[in-house]
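Participant: We have chain P; now place chain B with the ligand onto it with these hints.
Protein chains in written order, with the numbering used here: chain P, 274 to 424; chain B, 75 to 266.
Treat the hints with care, since some could be wrong.
Said to hold, decoys possible - Under the rule of at most 27 Å between Cα atoms (straight-line distance), these lysine-lysine pairs were calculated in the DSSO-like manner:
hint, chain 1, residue 1, chain 2, residue 2
1, P, Lys-345, B, Lys-138
2, P, Lys-317, B, Lys-258
3, P, Lys-339, B, Lys-83
4, B, Lys-204, B, Lys-162
5, B, Lys-212, B, Lys-232
6, P, Lys-315, B, Lys-258
7, P, Lys-295, P, Lys-317
8, B, Lys-83, P, Lys-348
9, B, Lys-258, P, Lys-327
Bear in mind the hints are in silico, worked out from the structure with no lab data behind them.
The lines below spell out each chain.
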Amino acid sequence: MNCKDTNKFMLQFLDGELSAEKTSEIKEHLMDCSDCSTELNKVKQLYGLIEEEKNEFSHNPYLSSKVLNRIKDDKEQESILLRPIRYALIASLSTAAVFVGIVMGSFLSNINSSIAQSDSDESIELLADEYFPTSSNNIYDIQIDETENNK
Amino acid sequence: MDDCILVQKVIDDNDHKAFAELMEKYQRMVVTTCRGFVTSYHEAEDLAQDVFVELYESLPGFRKESKLSTWIYRIAVNKSLNHLRKKKRETSIFNLNLFNKGDGKETTFQIVSTDDTEADYSIVSSENKKLLKEAINKLPENQRVAIILSKYQDLSYKEIAEVMDVSVSSVESLLFRAKTNLRKYLVDYQKK
Ligand SMILES: [Zn+2]
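This is chain P alone, in the form it adopts within the complex (with noise of 0.2 Å):
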């Protein structure tokens, strides 16, 4: 075993994921190699403190009361705050809707008025989509960057 493969599997060695084989070459290379030895006692500081993050968690009895208030407040916001908006902008584009309605319809005077008002309403809801959209069906899909260097 050289200096170069010692360190490149220097984690899967300290994580004990090498065969048996492997592990013993690179024990060996350890004891005639001090840059290897020293560079291994260095990674092994930084990737030991992986654990003692692992054990910073200290149980917070306000966690769930907070998540419950913003659940609360969220539902509250909803029905305030978004409802009214929702449809002054859904009157609001009605109206408008009715207007070019009888715009057209005073320009194209033989157009049926039934369809034309079954377009608007069409219109309507795919403005109120747009605007508001139904929640998209895959944010519980893991989404990750596939890029194998985002340097």
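Facilitator: Below, chain B with the ligand without anything else, positioned relative to chain P:
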């Protein structure tokens, strides 16, 4: 109480007590997972709140044939990744606007020895943690997710595969590459 019963209570009766019970049960799991991605414990706790709000909203869509923990892990991973992406965008805009001196230098870190007194330890350790996190965050996202679920949650290859929706063998190769790269980044930072 069984997860399924609690979930049903939340969906059917909007039972906040049942949801609180779920949060108590999964608090450690969520906070520690988020901790793997972010620089401070405080940030991880804030993210955990977002995760639970989203969990609450998403429960009606939860398919009961899968494990609730898998579902929660996915939300936690997505929330963390999105949080970091947003932060990265903000930082790059900030840097572009204010500090664009064009020397392209990255922040340098110095590995700090822990041989000093006990009192210095927390400073030393927090500097080194920053260094570790820089290195972890340099990993491509899929390698990062795999190594965080493995090292911060001790999940098996199979469990990681379920969360990430990939095969067990891809998890194996992701973890191998993650470790090889992480070792490299850790050493690179030390040399600066
Ligand atoms: Zn060597």
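Participant: Does each hint hold? Answer for all of them.
Facilitator: Hints and how they fare:
no.: 1; hint: Lys-345/P <-> Lys-138/B; result: holds, 25 Å
no.: 2; hint: Lys-317/P <-> Lys-258/B; result: holds, 13 Å
no.: 3; hint: Lys-339/P <-> Lys-83/B; result: holds, 20 Å
no.: 4; hint: Lys-204/B <-> Lys-162/B; result: holds, 16 Å
no.: 5; hint: Lys-212/B <-> Lys-232/B; result: holds, 25 Å
no.: 6; hint: Lys-315/P <-> Lys-258/B; result: holds, 12 Å
no.: 7; hint: Lys-295/P <-> Lys-317/P; result: holds, 18 Å
no.: 8; hint: Lys-83/B <-> Lys-348/P; result: holds, 18 Å
no.: 9; hint: Lys-258/B <-> Lys-327/P; result: holds, 22 Å
The structure shown violates none of the earlier numbered hints.
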